[in-house]
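2 protein chains.
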Amino acid sequence: MGSKERRGREKKELRQVILDAARELFLKQGYENVSMRKIANQIEYSPTTIYLHFKDKVDLLHCLCHETLSQLVKAFAALSQDMKDPVNCLRKGLRVYIEFGLKYPDHYKVTFILHPDHVDQPGQEIYEQTAAISEEAFGFLRLIVAECVRRKKFRKVDVETTSQAIWSAAHGVTSLLIAHHEFPWVEKNKLIDHLIEMLIKGLKA
Amino acid sequence: MGSKERRGREKKELRQVILDAARELFLKQGYENVSMRKIANQIEYSPTTIYLHFKDKVDLLHCLCHETLSQLVKAFAALSQDMKDPVNCLRKGLRVYIEFGLKYPDHYKVTFILHPDHVDQPGQEIYEQTAAISEEAFGFLRLIVAECVRRKKFRKVDVETTSQAIWSAAHGVTSLLIAHHEFPWVEKNKLIDHLIEMLIKGLKA
DNA sequence: ATAATAAGTTAACAGTGTTAAGTATAAGGC
DNA sequence: GCCTTATACTTAACACTGTTAACTTATTAT
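Top line first, the protein sequences correspond to chains A and B.
Numbering-wise (the working numbering), the first sequence opens with residue 1 and increments by one.
Numbering-wise (the working numbering), the second sequence opens with residue 206 and increments by one.
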């Protein structure tokens with residue numbers, strides 16, 4: 001009867017329980033310092049149960065990554081609805097991006113810092129999915145920059161080059177703050193704001 | 206007599222052999238995928254011999270970073286001799302930094318990208334050394350930016366914050382060009398120049 | 001020659017990701 | 001009801017990992 005549906009639902013629930021436990025542990029202790037056994041202990045199942053829901057440890061991280069990337073895209077989508085002030089939209093978008101990275105450093109690492117060739121094998125489903133959603137996210141930046149140029153808020157720069165340069169800068173501060181936390185950084189919000197304003201001033205008409 | 210010196214020299218030689226093997230393996234397979242046993246196999250010694258020269262695996266990575274940073278510092282030192290046009294000096298310095306990364310992507314990866322966050326344990330000798338040489342390299346950038354502000358080529362920005370923001374941007378484009386080779390980048394020199402000019406325009410008085 | 005020192009090794013510990021084989025339990029057909 | 005079959009989950013094991021302690025071998029100094 002409906003028992004099949006119930007079992008399928010229970011399976012999905014356990015899957016989510018694993019994802020939640022894994023995310024919490026990854027964020028608290030770092031991906032490398034969390035073992036499958038630790039996750040299993042947390043949810044009070046045997047280690048091998050995880051393998052009934054995920055191919056391996058990397059797959060687990062990728063699913064988390066996909067979850068959070070989707071959130072990033074959603075945040076961008078919400079932002080680009082209101083394009084009355086495209087420059088401010090860009091400002092907010094960059095903030096969202098950088099803070100996303102700082103909030104989910106492990107996810108950011110896998111998606112944007114680690115050599116994708118090491119982690120992903122092209123052709124794998126999860127790889128294509130991640131690539132697609134990344135492209136979708138970058139599309140928002142391209143859109144906003146184009147709007148800034150179209151409305152002559154920015155001087156007549158090449159949209160693609162500018163978008164890539166802006167992404168580079170945003171990625172730079174995000175990844176450095178994540179990876180080199182031993183460096184004597186100035187107050188992080190001050191640094192981020194300064195970088196963003198610098199970029200925008202460098203583009204203004 | 207001189208036998209003590211010879212033994213000391215032989216010890217240093219083996220140390221360098223280990224470093225070279227480790228760098229090659231780290232670059233080819235990634236830090237996490239290279240075991241002490243793999244390194245030991247490569248140099249045809251037992252795994253524990255490495256521990257006679259390095260405290261642990263992280264120490265090994267730190268020493269490699271130190272080597273790379275020294276090279277970069279030397280390049281910067283040559284540049285900052287001629288400070289007649291500080292803005293152009295900054296331009297050139299950024300070019301040197303980015304092209305250093307693109308020319309020696311392996312070195313750059315190990316030092317600035319691969320750098321795992323659990324590596325840093327304040328109090329350790331090698332930590333202090335790496336921190337010192339990083340500070341030295343960064344000092345050149347700080348110096349140039351300060352000079353730009355002092356001579357009123359730049360508006361009155363905070364030197365430290367600006368320097369950190371500039372480094373972030375330079376690191377961003379370098380690491381992305383290295384790591385995300387599959388992304389449809391515009392012509393790389395165009396991208397680099399555009400970013401540099403954007404930064405400088407955003408700072409000009 | 002003998003004692004001391006250093007270099008390098010072997011064996012082991014406690015941990016890792018992952019797989020194959022086994023067990024209990026629930027579902028479906030008769 | 002009973003039997004078969006599929007599912008959920010566990011146990012045990014494999015081949016690794018970084019690292020330490022104890023041991024052996026070789027070289028030096030007295």
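FYI, nobody ran anything at the bench for these hints, they're computed from the structure.
Some hints could be false.
[Said to hold, decoys possible] No more than 25 Å apart at the CA atoms, straight line, and that leaves these computed lysine-lysine pairs for DSS-like:
| id | chain 1 | residue 1 | chain 2 | residue 2 |
| --- | --- | --- | --- | --- |
| 1 | B | K393 | A | K204 |
| 2 | B | K409 | A | K188 |
| 3 | B | K217 | A | K204 |
| 4 | B | K233 | A | K152 |
| 5 | A | K156 | B | K260 |
| 6 | B | K260 | B | K217 |
| 7 | B | K233 | A | K204 |
| 8 | A | K57 | B | K233 |
| 9 | B | K409 | A | K92 |
| 10 | A | K204 | B | K409 |
| 11 | A | K38 | B | K262 |
| 12 | B | K395 | A | K201 |
| 13 | B | K262 | A | K204 |
| 14 | B | K406 | A | K92 |
| 15 | A | K190 | B | K361 |
| 16 | A | K201 | B | K217 |
| 17 | A | K188 | A | K201 |
| 18 | B | K409 | A | K190 |
[As the list claims (entries may be wrong)] Computed list of chain A residues with no C-beta within reach of chain B, every gap over 12 Å:
| id | residue |
| --- | --- |
| 19 | R9 |
| 20 | P47 |
| 21 | L52 |
| 22 | A77 |
| 23 | L79 |
| 24 | E147 |
| 25 | R150 |
| 26 | R155 |
| 27 | K188 |
| 28 | K204 |
No experiment lies behind these values; they were computed from the predicted model shown.
All residues carry an ideal CB built from backbone N, CA and C; glycine is no exception.
Unsatisfied constraints (hint numbers, rising): 3, 4, 5, 7, 13, 16, 26, 27, 28
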